[in-house]
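Novice: Listed here are the chains, written in short residue letters.
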Amino acid sequence: MSPGLAFAFSDWGPGTASSVAPRVDLIFWTILGVSAVVVGGLAFANLYFLIRYRRNSPAPRPPLRIKTAWLESAWITATTVIFLGFFFWGASVYLFAERPPAGALTIAVTGRQWMWDIRHENGRREFNELHVPLGEDVRLVLTSEDVIHSFFVPAFRLKQDAVPGRRVSAWFRATKSGTYHIFCAEYCGTAHSGMVGDVVVLPPARYAEWLERGNAMEDLTQRGRRLFLRYNCSGCHDQPAAVHAPVLTELYGAMVPTSDGRMLRADDAYLRDSILWPQKDVVAGYEPLMPSFQNVIPESDLLDLIAYLKSLPGRQPPPAGPGESSRPLPP
Amino acid sequence: MSSPVLIPPAPVPGPRPPDYLAAGHTIGSWLLTLDHKRIGLLYLFAITFFFAIAAFAAALMRIELLTPAGDLVTSETYNRLFTLHGVTMVWFFLIPSIPATLGNFVIPLMIGARDVAFPRLNLASWYIFMLGGLFTLYAIVMGGVDTGWTFYTPYSSTYSNSHVMAMAAGVFIAGFSSIATGLNFIVTIHKLRAPGLTWGRLPLFLWSMYSTSIILVLATPVLAITLLLIVLERCFGVGIFDPKLGGDPLLFQHLFWFYSHPAVYIMILPGMGVVSEIIAAFARKPVFGYEVVAASSMAIGVLGFLVWGHHMFVSSQSVYAGVVFSLLSFLVAVPSAIKVFSWTATLHRGHISLETPMLYALGFIGLFTVGGVTGVMLATLAIDVHVTDTYFVVAHFHYIMVGGAVMAFMGGIHYWWPKICGRMYPEWPARIAALTIFLGFNLTFFPQFVLGYMGMPRRYHVYPPEFQALNVLSTAGASILGIGYLMPLVYLTWSFFRGRRAGPNPWGATGLEWRTDSPAPEHNFAETPIVTTGPYHYPVQP
Amino acid sequence: MSNTLTHPAASPYSDREQHAVANHLGMWTFIATEILFFGGLFASYSLYRWAYPAAFVTGSKHLEFWIGTLNTGVLLTSSLFMALADLAVRAGRRGALRWSLLATWLLGALFLGLKFYEYHLAAKEGHVPGAHFRLEVPQAPQVELFMFLYFAMTGLHAAHMIIGLGAIAWLLWLNHRRRLGADHDAPVSMVALYWHFVDCVWIFLYPLLYLVR
Amino acid sequence: MKAPHLTARVCFANYAALMVLLALTALAARAPLGAWKAPVSLGIAAAKMALVFIFFMQLRYQRGLVRVFALAGFFWLGIVLTLMFADYLTRGWLP
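Protein chains in written order, with this note's numbering: chain U, 618 to 948; chain Y, -14 to 527; chain R, 4 to 216; chain E, 6 to 100.
Don't take every hint at face value.
Examples of chain U residues lying across from chain Y (beta carbon under 8 Å, computed) [stated by the list, open to error]:
id : residue
1  : Ile644
2  : Val656
3  : Arg672
4  : Trp692
5  : Phe769
6  : Thr792
7  : Thr796
8  : Ala802
Using C-beta positions, here's what the derived DEER-type ranges look like [as the list claims (entries may be wrong)]:
id : chain 1 : residue 1 : chain 2 : residue 2 : range
9  : U       : Arg716    : R       : Glu128    : 47 to 53 Å
10 : R       : Ala172    : Y       : Leu474    : 46 to 52 Å
11 : Y       : Thr33     : R       : Arg181    : 45 to 51 Å
12 : Y       : Ala511    : E       : Ala13     : 43 to 49 Å
Counterexamples of contact, computed for chain E against chain Y with all Cβ distances above 10 Å [as the list claims (entries may be wrong)]:
id : residue
13 : His10
14 : Asn19
15 : Tyr20
16 : Met24
17 : Leu26
18 : Leu29
19 : Ala33
20 : Gly39
21 : Trp41
22 : Lys42
23 : Met54
24 : Phe58
25 : Gln67
26 : Leu76
27 : Ala91
Since the hints were derived computationally from the structure, they do not count as laboratory data.
Treat the numbers as computed from the prediction; the structure is a model and nothing was measured.
For each residue, glycine too, the CB sits at the ideal point set by N, CA and C.
Chain U with its partners taken away, still in its complex shape (with noise of 0.2 Å):
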């Protein structure tokens, strides 16, 4: 308990590393001020009655002598113009974050059970890392591509819906370097709270150095292929082997006719449910052989061996999406 509870005295907070979270906070800090204010009065007042006017207290009790519509309307005219003043406030600071500058380097985030697969302008792809530069203005494209995710970074004040089947930005400038939570903080099923990552600010010029450094993706399912191995996946899936196993390639995308008579498209989904409950979905002609992995292979082994699976030749899904509309839900 000791390293959370000096964490919690010591640096206490998200962190303050985007342009917007400074005025977040001067309003927070603000209205809890004045509730402090107000709840303070207010209970000290409820004590000093509770005391003074007790049932058996001596304490005089003449009729009062100020006009009750009087001090009714004193504090709703009060209140309804403090709570004006909060409501102008906080839609002004709004307005400015939900305003995204002209020029800024645009990122893609999709939101996917359950990982952030976010691509760079120049075609870098990274999975649940996002990294940004130093004091430039970022604009993320967010959708998803099953459920409604939302991506939150604590530290930036930054949260935003991924809605599937739309396209939605969000902007920040981070001010800070350092590497800071993304946490997906709209419920999206089993490992909803494994759908985290970190935001990693680095200067500028690191930055352009890290962009340039290549596709994050050949080492993705570099990795996978080792996992592939190590997990002994192999030992059954790649050809020949000793066991009567599905295939692989030309897997991702394609239609998979099940045992019961269903049909199926071998989408992430699929994949990560074939690999965790094999028995759910078992492939037509084959005996249910595979033992579940559930609990044994971990979140981000499993994203590399779904990407290297994806990696290899095989079809692309079709696009998600309804078809052309006359009037489209508007971004």
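Starting from the known structure of chain U, arrange chains Y, R and E on it as the hints suggest.
Specialist: Using the frame of chain U, we list chains Y, R and E on its own:
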């Protein structure tokens, strides 16, 4: 009748009519009863049962969250636990808690009527509620549901592999029991008031119940149709909420929150009404600004329908809609603030005594105020973006629903307990329980505000280690809270059979319910009472 | 809904007038609930019609215009007979009451018969949304959405009609047992309000579904 | 329960009006009205419903309270539609 309040009613000549508990002792006399008081108790048993289930789920979650890793239960189980906790607490405990138990029990007594307007519908509503509960229990026993109580699409409609249909059906059915109860109360309050009980003399609990009933009747059907659409979508594979088939998942959120935000007021408005009654009774003073407090109940009921979009500030709804919903949310906070100020002003120059109901009422004021000011923070757009879907929101709505609604429910149970069973609960154990609940509650949920601002998202089974200290504090508080809730269960059950006999009016309170015997006679009043004064006609006037 | 049984112990009312007003208030509150119940579907319909106007025209053209129009007439006529039944019970004319209720019931059944025939046609042509949906038109998914709304809205309406037919059958039975009359008209008035309301829902479904051109 | 009551004459007149409106709306659906089609057909539907509410459902003969309850449902449905479309209609706009 210049000061009828402190004088117990003149004994009715002739043989005493049997009280409602003595009117029949068979199981049939309970399960087929048309008596609103017995139906209220049937609801009390049912919701206590569901509360226990939901609290058990919460306990497991809190134990799991002691460590950052997921070591007690798997994430599938954890997701089912919080769904179970949410669905059961919201629809099978909080929504029926004060309205269907205390409301059923005291509304006819408070307005001087023999029963509610439609007694058969009232009994039917309990059976509908239980049927909905059975569907929900079936879904739980078969393996549960992992969507969260909010059933967000397209997860619930397409992706979830759990028993969404059974649970949605359970909530759908229970909704009709809400509608029946609300309809009954509206007509009862309109049509069955005793002679002389004008709207301006209506106790504040009845004003709040009237407003609550309007919400029950007008919001619940929208939830029903929305859940029906999810079930149809799962059955037939059509895409009303699925973007792959042309649907819009945000439509679900609009329809869902159109019900579920007002539903928050279904939980808290009756609590405010109970607290108004208790404060007046134990300060021996009329509630300060009666008209404004009554009007604020109605204002909350109506304005509460206009603010649902504040649950969707980061959902990708239009920025402008967000601004409008934020403004309206601030406006709905004004009448709540007025109530808090009025309660405090009521204490001023009163004759205050601190029996258990008053302790709960004071606890309510404190906790509800904290929930209220954090609600103001959440209505502020820029702050909401950061803290929505984090533990900050979890803490906020528990301050409103547990710190507010449950505290008021406990206060109301203690306040009307003598009327329910004709006996007093033991005072000192009850006071200790009230304080235990108050302390345990704060220790459980205050750390969650901090956790939320630090960024810990809700519905997380595993979490980064820096959040552990506060989670441990919260779990420690939850264990105290759990003990606090067990105590009333024990001593109230005991006092139901063995408690000290209570007279018709043990608190010296005003209100028609105190002008008849305890426990109330089967038909409430020997003869229809006639009202000649406003409510809270205590000797001290402002 | 209508609480007509006046078990002396259960009745909270002091007189008939008070009971009648309470019944009406209760029924109208229930109708307000029903408006919001159908309202969720109307809201969904509005959204998708606004989003996909062309698909809705296509979908509407695949419905049977004449059945829809005929059914509207059938329902309006049934409402007339229901109103006449309400008049008959208040005048205490049992014979007229029986014939009006019977006419209402038969017209309601005719409506449902036509409706199910229309469903049958749609099923035969593969217009039922879901796995068997077959419609070779542009924007097929959006047209499917229209067809889904069509089935959901008319299906919910039909469910209400079936409940209404049951209620009218119950009235016929009560009338047969001589338990309705000028001083016992509440069951008829309540069922009549319900029936007229269900009629009003159809009055809107007709242009929203059949007349999108 | 309160005089004056609905009479058979009013019923038949109301029915005739409803059937005329039905014919009108069926014809209007085939007329070249362009963008006015939806408002016309919905306007006629609203008129028909008003007739049913006022005469068949006897709102004309009811006291004010019942009329308020009859309209409440529509008012609340209006809230749903207004605030929901406040979102959808302004989605494309940027601040």
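Novice: A separate judgement is required for each hint: does it hold in the structure or not?
Specialist: We went through each hint and held it up to the structure:
1. Ile644: Hint on Ile644/U: holds, closest Cβ of chain Y at ~6 Å, below 8 Å.
2. Val656: At 5 Å from the nearest chain Y Cβ, Val656/U passes the 8 Å test, so the hint holds.
3. Arg672: holds, 4 Å
4. Trp692: holds, 5 Å
5. Phe769: At 6 Å from the nearest chain Y Cβ, Phe769/U passes the 8 Å test, so the hint holds.
6. Thr792: At 16 Å from the nearest chain Y Cβ, Thr792/U fails the 8 Å test, so the hint is violated.
7. Thr796: violated, 12 Å
8. Ala802: OK, holds: Ala802/U within 8 Å of chain Y, min 4 Å.
9. Arg716/U - Glu128/R: 47 to 53 Å: holds, 50 Å
10. Ala172/R - Leu474/Y: 46 to 52 Å: holds, 48 Å
11. Thr33/Y - Arg181/R: 45 to 51 Å: holds, 47 Å
12. Ala511/Y - Ala13/E: 43 to 49 Å: With a Cβ separation near 48 Å, Ala511/Y and Ala13/E satisfy 43 to 49 Å, so the hint holds.
13. His10: holds, 22 Å
14. Asn19: Check passes; 28 Å lies beyond 10 Å.
15. Tyr20: holds, 30 Å
16. Met24: Per Cβ check, Met24/E is outside 10 Å of chain Y; nearest 31 Å; holds.
17. Leu26: At roughly 28 Å from the nearest Cβ of chain Y, Leu26/E sits farther out than 10 Å, so the non-interface label holds.
18. Leu29: Given a closest Cβ separation of 31 Å, the condition holds.
19. Ala33: holds, 29 Å
20. Gly39: holds, 26 Å
21. Trp41: Per Cβ check, Trp41/E is outside 10 Å of chain Y; nearest 27 Å; holds.
22. Lys42: holds, 23 Å
23. Met54: holds, 19 Å
24. Phe58: holds, 18 Å
25. Gln67: holds, 14 Å
26. Leu76: Nearest chain Y Cβ is 12 Å from Leu76/E, so the label holds.
27. Ala91: At about 5 Å from chain Y, Ala91/E fails to clear the 10 Å cut-off, so the statement is violated.
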